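Asker: Sequences are here, hints too, so could you generate the full structure?
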Amino acid sequence: MSERLKPLNDVVFKKLFGEEDSVECLESLLSSILEFKVTNIEIVGEKLTVDKIDGKQGILDIKAYVVNSNEKINIEVQLVNQHNMIERTVFYWSKLYTENFKKGQDYSRLDKTITINILNYDTLPTQRFHSIYQIQETTENVSLTNLLEIHFIEYPKFRKLSHDKNNELHRWLLFLQEDVSEQTLKEVIEMDQVIKKADSKLKRLSEDEETRRMYQLREKQIADLKSNIKGAKREKAEEIAENLLKQNDSMSVEDVANATGLSFEKVKQIEIEVRNK
Numbered sequence: 098m099s100e101r102l103k104p105l106n107d108v109v110f111k112k113l114f115g116e117e118d119s120v121e122c123l124e125s126l127l128s129s130i131l132e133f134k135v136t137n138i139e140i141v142g143e144k145l146t147v148d149k150i151d152g153k154q155g156i157l158d159i160k161a162y163v164v165n166s167n168e169k170i171n172i173e174v175q176l177v178n179q180h181n182m183i184e185r186t187v188f189y190w191s192k193l194y195t196e197n198f199k200k201g202q203d204y205s206r207l208d209k210t211i212t213i214n215i216l217n218y219d220t221l222p223t224q225r226f227h228s229i230y231q232i233q234e235t236t237e238n239v240s241l242t243n244l245l246e247i248h249f250i251e252y253p254k255f256r257k258l259s260h261d262k263n264n265e266l267h268r269w270l271l272f273l274q275e276d277v278s279e280q281t282l283k284e285v286i287e288m289d290q291v292i293k294k295a296d297s298k299l300k301r302l303s304e305d306e307e308t309r310r311m312y313q314l315r316e317k318q319i320a321d322l323k324s325n326i327k328g329a330k331r332e333k334a335e336e337i338a339e340n341l342l343k344q345n346d347s348m349s350v351e352d353v354a355n356a357t358g359l360s361f362e363k364v365k366q367i368e369i370e371v372r373n374k
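98 is the number of the first residue of the sequence shown in my numbering; add one for each residue after it.
Heads up, none of these hints are tricks.
DSSO-like mimics (lysine-lysine), calculated; alpha carbons at most 30 Å apart, straight line:
(1) Lys293 to Lys283
(2) Lys103 to Lys257
(3) Lys293 to Lys257
(4) Lys134 to Lys192
(5) Lys333 to Lys317
(6) Lys254 to Lys293
(7) Lys254 to Lys323
No wet-lab data here; the hints were simulated from the structure.
As the structure is a prediction and not an experimental result, all values here were calculated from the model.
Answerer: Here you go:
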């Protein structure tokens with residue numbers, strides 16, 4: 098049997114929840130997040146191929162319409178913190194909100210639009226792992242409209258919890274978690290028939306050569322992105338260290354190392370280059 102693919106790899110996630118045979122699984126996941134029964138949805142998206150796995154928005158997210166209410170729902174996974182999640186969330190939400198709206202149409206035809214972000218990092222100041230945002234008056238917390246709704250699920254906060262397997266959202270998040278124990282995984286699969294169905298599909302995907310090719314390509318892209326971000330942070334830290342050493346003759350190597358997070362040896366090297374000029 099092939100190794101279990103990481104469900105939060107966004108190629109795998111899209112195949113698990115964004116294909117024609119995924120409606121039941123997506124409805125269950127959305128119901129657990131939105132806390133109401135989501136039914137009769139239509140999944141909208143394009144077929145994944147290797148040449149389309151380029152990491153761009155619109156390729157790996159999942160878009161669905163609730164047929165009865167015309168609500169638009171977009172759900173995506175972000176594994177790498179690029180420090181722009183809030184801004185890009187509002188930007189892409191606004192694009193989806195006005196999508197297909199034609200000049201001259203009545204504004205009442207704009208439909209409620211819900212964005213769901215599943216993040217493998219912390220980005221919000223809240224303590225809750227599942228945060229929900231709407232537009233409200235700041236003093237009396239009176240809602241202006243329900244047309245905007247944004248959900249964030251932050252995995253690091255979820256992992257710290259004592260998990261309740263009787264909670265549907267907890268079960269789904271445990272199933273999707275890369276490092277879940279075999280025992281916990283077995284328990285949530287046995288407790289939930291829809292998750293059992295998702296697990297069966299994940300096993301099929303793990304055996305599929307084309308899926309594994311796309312999966313590995315996406316894993317490489319994610320690793321490269323992490324490396325690039327780490328490199329950019331290191332370059333910025335080195336730039337800050339250089340400026341501190343230039344502008345503060347009394348500042349010690351140890352002080353600069355503490356301030357920037359760089360190693361003592363690296364700062365010492367920078368000091369030699371800066372102060373011996």
